[in-house]
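Going down the list, the sequences are from chains A and B. Using our numbering, you'd call the opening residue of the first sequence number 1 and step up by one each time. Using our numbering, you'd call the opening residue of the second sequence number 478 and step up by one each time.
Don't read these hints as lab results, they were simulated from the structure. All values derive from a computational prediction rather than experimental measurement. Hints should not be assumed to be uniformly reliable.
[Unchecked claim] Here are the computed distance ranges between Cβ atoms for each label pair: (1) 560/B with 52/A: 37 to 47 Å; (2) 574/B with 52/A: 22 to 32 Å; (3) 466/A with 689/B: 48 to 58 Å; (4) 420/A with 560/B: 41 to 51 Å; (5) 559/B with 52/A: 46 to 56 Å; (6) 364/A with 521/B: 48 to 58 Å; (7) 62/A with 602/B: 21 to 31 Å; (8) 526/B with 130/A: 30 to 40 Å; (9) 574/B with 226/A: 42 to 52 Å; (10) 736/B with 420/A: 37 to 47 Å; (11) 217/A with 605/B: 44 to 54 Å.
[As the list claims (entries may be wrong)] Pairs of lysine-lysine, DSSO-like flavour, derived with a Cα cap of 27 Å: (12) 682/B with 430/A; (13) 581/B with 550/B; (14) 474/A with 623/B; (15) 149/A with 139/A; (16) 682/B with 605/B; (17) 682/B with 623/B; (18) 605/B with 576/B; (19) 724/B with 447/A; (20) 592/B with 430/A; (21) 739/B with 474/A; (22) 427/A with 749/B; (23) 724/B with 474/A; (24) 543/B with 427/A; (25) 576/B with 430/A; (26) 68/A with 576/B; (27) 427/A with 554/B; (28) 554/B with 576/B; (29) 427/A with 592/B; (30) 749/B with 724/B; (31) 447/A with 682/B; (32) 605/B with 430/A; (33) 682/B with 474/A.
No residue lacks a Cβ here, since even glycine has one placed at the ideal position from N, Cα and C.
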Amino acid sequence: MQAGIEEQSALYQKRIPIFQRSIHGSFRRFKWAVLALAYSVFFGMVWLPWPRGTEPAQALLLDIAARKFYIFDFVFYPQDLILLSVLLFIAATLLFFVTSLVGRAFCGYFCFQTLWTDFFVWIEHLIQGERPARIRLYKQPWNSEKLLKLGATHLIWIVAAFWTAFTFTAYFTYAPQLFVDFFTGQAHPTAYLTVAILTASTYVAAGLAREQICTYMCPYARFQSVMYDQETLAVAYDEKRGEGKLGRAALRTGMKTLAERHAQQHGDCIDCTLCVQVCPVGIDIRNGLQYSCISCGLCIDACNSIMRSVGFPPGLIRYDSEVNLKQAQPAKPKLHWKRLKVLGYGAALLVMASFLMVNIASRSDFDQTVNQVRSPLYVLLSDGSIRNRYEVRITNRSSHDEIYRIGVRGIPEAAADFGNFHEVTVKSGKSLMVQVSVKLTPEQAAKVSQFEFTLTPRSRPSEQHLGQARFYAKDVL
Amino acid sequence: MSKDKMQSQAVQTTGHAWDGDLQEYNNPLPRWWVWTFYATIVFAVLYWIWFPAWPVAKSFTPGVGKITYVDAKGVTKTTGWNTRADLMRDMNELTAIQKPFFDKVAAQPYATIAKDPELNNFIASAGKQLFADNCATCHQAGGQGKIGFFPNLADDDWLYGGSYEKIQETLMAGRRGYMPPFGEALATEQIDQLAHYVLSLSGEKMDTAKADAGKALFHSETAGCFYCHGDDARGRQVIGAPNLTDKIWLWANVPGETAQEKKLAAVQNVIKHGLNKGVMPAWGQRLKPEQIKVLTVYVHELGGGK
Numbered sequence: 001m002q003a004g005i006e007e008q009s010a011l012y013q014k015r016i017p018i019f020q021r022s023i024h025g026s027f028r029r030f031k032w033a034v035l036a037l038a039y040s041v042f043f044g045m046v047w048l049p050w051p052r053g054t055e056p057a058q059a060l061l062l063d064i065a066a067r068k069f070y071i072f073d074f075v076f077y078p079q080d081l082i083l084l085s086v087l088l089f090i091a092a093t094l095l096f097f098v099t100s101l102v103g104r105a106f107c108g109y110f111c112f113q114t115l116w117t118d119f120f121v122w123i124e125h126l127i128q129g130e131r132p133a134r135i136r137l138y139k140q141p142w143n144s145e146k147l148l149k150l151g152a153t154h155l156i157w158i159v160a161a162f163w164t165a166f167t168f169t170a171y172f173t174y175a176p177q178l179f180v181d182f183f184t185g186q187a188h189p190t191a192y193l194t195v196a197i198l199t200a201s202t203y204v205a206a207g208l209a210r211e212q213i214c215t216y217m218c219p220y221a222r223f224q225s226v227m228y229d230q231e232t233l234a235v236a237y238d239e240k241r242g243e244g245k246l247g248r249a250a251l252r253t254g255m256k257t258l259a260e261r262h263a264q265q266h267g268d269c270i271d272c273t274l275c276v277q278v279c280p281v282g283i284d285i286r287n288g289l290q291y292s293c294i295s296c297g298l299c300i301d302a303c304n305s306i307m308r309s310v311g312f313p314p315g316l317i318r319y320d321s322e323v324n325l326k327q328a329q330p331a332k333p334k335l336h337w338k339r340l341k342v343l344g345y346g347a348a349l350l351v352m353a354s355f356l357m358v359n360i361a362s363r364s365d366f367d368q369t370v371n372q373v374r375s376p377l378y379v380l381l382s383d384g385s386i387r388n389r390y391e392v393r394i395t396n397r398s399s400h401d402e403i404y405r406i407g408v409r410g411i412p413e414a415a416a417d418f419g420n421f422h423e424v425t426v427k428s429g430k431s432l433m434v435q436v437s438v439k440l441t442p443e444q445a446a447k448v449s450q451f452e453f454t455l456t457p458r459s460r461p462s463e464q465h466l467g468q469a470r471f472y473a474k475d476v477l
Numbered sequence: 478m479s480k481d482k483m484q485s486q487a488v489q490t491t492g493h494a495w496d497g498d499l500q501e502y503n504n505p506l507p508r509w510w511v512w513t514f515y516a517t518i519v520f521a522v523l524y525w526i527w528f529p530a531w532p533v534a535k536s537f538t539p540g541v542g543k544i545t546y547v548d549a550k551g552v553t554k555t556t557g558w559n560t561r562a563d564l565m566r567d568m569n570e571l572t573a574i575q576k577p578f579f580d581k582v583a584a585q586p587y588a589t590i591a592k593d594p595e596l597n598n599f600i601a602s603a604g605k606q607l608f609a610d611n612c613a614t615c616h617q618a619g620g621q622g623k624i625g626f627f628p629n630l631a632d633d634d635w636l637y638g639g640s641y642e643k644i645q646e647t648l649m650a651g652r653r654g655y656m657p658p659f660g661e662a663l664a665t666e667q668i669d670q671l672a673h674y675v676l677s678l679s680g681e682k683m684d685t686a687k688a689d690a691g692k693a694l695f696h697s698e699t700a701g702c703f704y705c706h707g708d709d710a711r712g713r714q715v716i717g718a719p720n721l722t723d724k725i726w727l728w729a730n731v732p733g734e735t736a737q738e739k740k741l742a743a744v745q746n747v748i749k750h751g752l753n754k755g756v757m758p759a760w761g762q763r764l765k766p767e768q769i770k771v772l773t774v775y776v777h778e779l780g781g782g783k
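Kindly produce the complete structure, drawing on both the sequences and the hints.
Rendered as structure tokens:
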């Protein structure tokens, strides 16, 4: 080796296999409950029928080809993009809000990467047994037992991944039809391709890559750390209590009770490493808060079970804030919500959520947009009057064909020429453009710069929509 | 290689040494990078085989990829892959999408088309395209024309008639607007009087005495303006003689001028030199009947029809 040649660190970190030990406890129960709920919604909802007359009877259907999103009784069109933006804003703010209160709760309990990894580990555990058995299997040379167990695990993973992929795809087309077409080889190539890609990515992400997705790939994992404050509740190891003056120590004779340990200036941690064994990302929480920690709470379950079994008080690892842990005598952990940031996120969340709800509740099943023809902006007519032309687009979002009457307000009714389409039938789910020309004398035009188009469904005259329009005559007046 | 091994090792050298101590690091590229590079080579070879690739003398290797398309004359052709054929194939798809609508337009009389909202939507978009491709060069994108050059199609003044039938006739057979020059037949003073009269018809400022003289001249055999423009000066659509009494100017750019003398001069110029440039070409041979029909409805809608 030459002097002066620098040490190099590798750009690629080979995965160190993690054999997650299963654990019982309140956090584990909560995680199972979330998983059960999420899976029943995801895998079940796609089969939920929802009769809608001639439209597809699927409760949640994102029909991209027809540009219609069916969500229960609502049908959303590309024009409703603003609602999606609001929804995304709400999702982001909710993430900020929750993270600044209780840390990466999304990662630990709700993220689909966590849910699917949990499920895949459960399958692994079912077939290959508990952590020691899995380690033994990993280390032993290839034989029929290893082949059989690993083969079965991967096979079930692939089946689970396939069904995940199929379910996802089925949200974009009528599911029962896709089911039949898919297995009789008649589905669209796009469906096969989507299912193939998603099967592969689910299998790789939940079966093989697992915590690497969170540690190396996920941007949310990284940027959530900037939302942490000293007041944020996070999964934390009470170092003062656990280490004492002389550090953690195993449970051995003369060190069995708290009194004995404290007398010898040792902490409460008996260094059983169970918190490390149950960790899905393979870290040691006793080293403090780390970017890899997805805050799933399993180490809390592990530590509490040990503390109880040796007769020590639980909570050596717990949800607590940095400020509290710093104190000489940490108080009972509590939610620090009286912070400007949290209140701000909360307010933004509340405002946008109410906006979304009001918007959806006051949705009407038809819409109009008025576009002025701009080439030319105006036309001088033979009698000296001025004509502007408009394109009025009517969208019928209802489930039945409807006759709409277009009118004007703010200018004389006779000034507007609707051609043959003063009243026009728009088919269900379609939109139609009607060309309107408005003719005003210079005297009238001088007084009018703005007027409204009115749109009234014939069956419900009380529901009238207004569309703003401008009359342009500046150059001629 | 495990993490420990990678991190603890210094960079290897190739083992060569020059000048006694010059050595070369051996930093092999990551394996995924190398394999990706190999994959691009394989891709390139497949690309050469499928697409036109290598120049050979005055020609090139055509590639084995084939494209079948229907050309403008309706002949189905299969050629080696090229971008022009690729475009033609895309255009064929568009034609197939538009066909049912064009068929519907072709099969129905104008009165029925005018009442069909969906068909009108189709004409608004397909007509706009046809208009932009064929008509907008002269009549401008919105049909507003240009005074002194091309008539405005968006106003309510129709030189040859604004009914569907007349518009179709104009499109099919074209038009030729002509006004004889009066520069030699009339005295400069008479032309001036006529110009004042023409301005008076449209409510422009003028000299009333001169306009009265012009009015007499207009209806006299000397000038004979009334033969074409009519006794009431409202024009005659049969021969395309424009209405002189409305606010719309076709040749003399009166609205474009602010000074009185210039307005007069513009009108005088037309009377003096006449016009022989009002040529609308015939489109009957160039466009398909259903395209003419779409354009007819489109232009009718532009001007509000008659």
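Results for each hint:
1. Distance hint check for residue 560/B and residue 52/A: the Cβ-Cβ separation is about 45 Å, which falls inside the suggested range of 37 to 47 Å.
2. Taken as a hint, the range 22 to 32 Å holds for the pair residue 574/B and residue 52/A, whose Cβ atoms sit roughly 28 Å apart.
3. The beta-carbon spacing between residue 466/A and residue 689/B, approximately 53 Å, falls within the hinted interval of 48 to 58 Å.
4. A beta carbon spacing of about 44 Å between residue 420/A and residue 560/B agrees with the range 41 to 51 Å that was offered as a hint.
5. For the hinted restraint 46 to 56 Å between residue 559/B and residue 52/A, the CB-CB distance of approximately 48 Å keeps it satisfied.
6. Our hint of 48 to 58 Å for residue 364/A and residue 521/B holds, since their Cβ atoms are close to 57 Å apart.
7. Evaluation of the 21 to 31 Å hint for residue 62/A and residue 602/B yields a pass: the beta carbon distance comes to about 27 Å.
8. For residue 526/B and residue 130/A, the hinted distance range of 30 to 40 Å is not satisfied, since their beta carbons lie about 55 Å from each other.
9. Separated by about 50 Å at the C-beta atoms, residue 574/B and residue 226/A satisfy the suggested range of 42 to 52 Å.
10. Checked against the given bound of 37 to 47 Å, the beta carbons of residue 736/B and residue 420/A, roughly 45 Å apart, stay inside it.
11. The hint said 44 to 54 Å for the Cβ distance between residue 217/A and residue 605/B, and at roughly 48 Å that hint holds.
12. Of the supplied pair hints, the one linking residue 682/B and residue 430/A is violated, its CA atoms being roughly 53 Å apart against a limit of 27 Å.
13. Of the pairs offered as hints, the one joining residue 581/B and residue 550/B holds, with about 22 Å between alpha carbons and a cut-off of 27 Å not exceeded.
14. Distance restraint check for residue 474/A and residue 623/B: the Cα-Cα separation of roughly 19 Å lies within the 27 Å cut-off, and the hinted pair is therefore satisfied.
15. For a cut-off of 27 Å, the pair hint linking residue 149/A to residue 139/A stands: about 14 Å separates their Cα positions.
16. For the hint linking residue 682/B to residue 605/B, the alpha-carbon distance of about 39 Å lies beyond 27 Å, and the restraint is violated.
17. Simply put, residue 682/B and residue 623/B have alpha-carbon atoms about 23 Å apart, close enough for the 27 Å limit, and the pair holds.
18. At roughly 17 Å between alpha-carbon atoms, residue 605/B and residue 576/B fall within 27 Å of each other, so this suggested pair holds.
19. The suggested pairing of residue 724/B with residue 447/A holds, with an alpha-carbon distance near 21 Å, which does not exceed 27 Å.
20. For the proposed pair residue 592/B and residue 430/A, the alpha carbon gap of about 18 Å is at most 27 Å, so the pair holds.
21. Proposed proximity of residue 739/B and residue 474/A is supported: the alpha carbons are some 23 Å apart, at most 27 Å.
22. Using a Cα cut-off of 27 Å, the hinted pair residue 427/A and residue 749/B is violated, with the two alpha carbons roughly 59 Å apart.
23. Simply put, residue 724/B and residue 474/A have alpha-carbon atoms about 17 Å apart, close enough for the 27 Å limit, and the pair holds.
24. Of the pairs offered as hints, the one joining residue 543/B and residue 427/A is violated, with about 42 Å between alpha carbons and a cut-off of 27 Å exceeded.
25. Distance check on the hinted pair: residue 576/B and residue 430/A sit about 21 Å apart at the alpha-carbon level, within 27 Å; holds.
26. The straight-line distance between the Cα atoms of residue 68/A and residue 576/B is roughly 26 Å, inside the 27 Å bound, and the hint therefore holds.
27. The straight-line distance between the Cα atoms of residue 427/A and residue 554/B is roughly 40 Å, outside the 27 Å bound, and the hint therefore fails.
28. For the hint pairing residue 554/B with residue 576/B, the CA-to-CA distance comes to about 20 Å; that is within 27 Å, so the pair holds.
29. The straight-line distance between the Cα atoms of residue 427/A and residue 592/B is roughly 16 Å, inside the 27 Å bound, and the hint therefore holds.
30. Distance check on the hinted pair: residue 749/B and residue 724/B sit about 21 Å apart at the alpha-carbon level, within 27 Å; holds.
31. Between residue 447/A and residue 682/B the CA atoms are separated by roughly 25 Å; this keeps the pair inside 27 Å, and the hint holds.
32. As the CA atoms of residue 605/B and residue 430/A are separated by approximately 22 Å, the hinted pair is consistent with the 27 Å bound.
33. Distance restraint check for residue 682/B and residue 474/A: the Cα-Cα separation of roughly 22 Å lies within the 27 Å cut-off, and the hinted pair is therefore satisfied.
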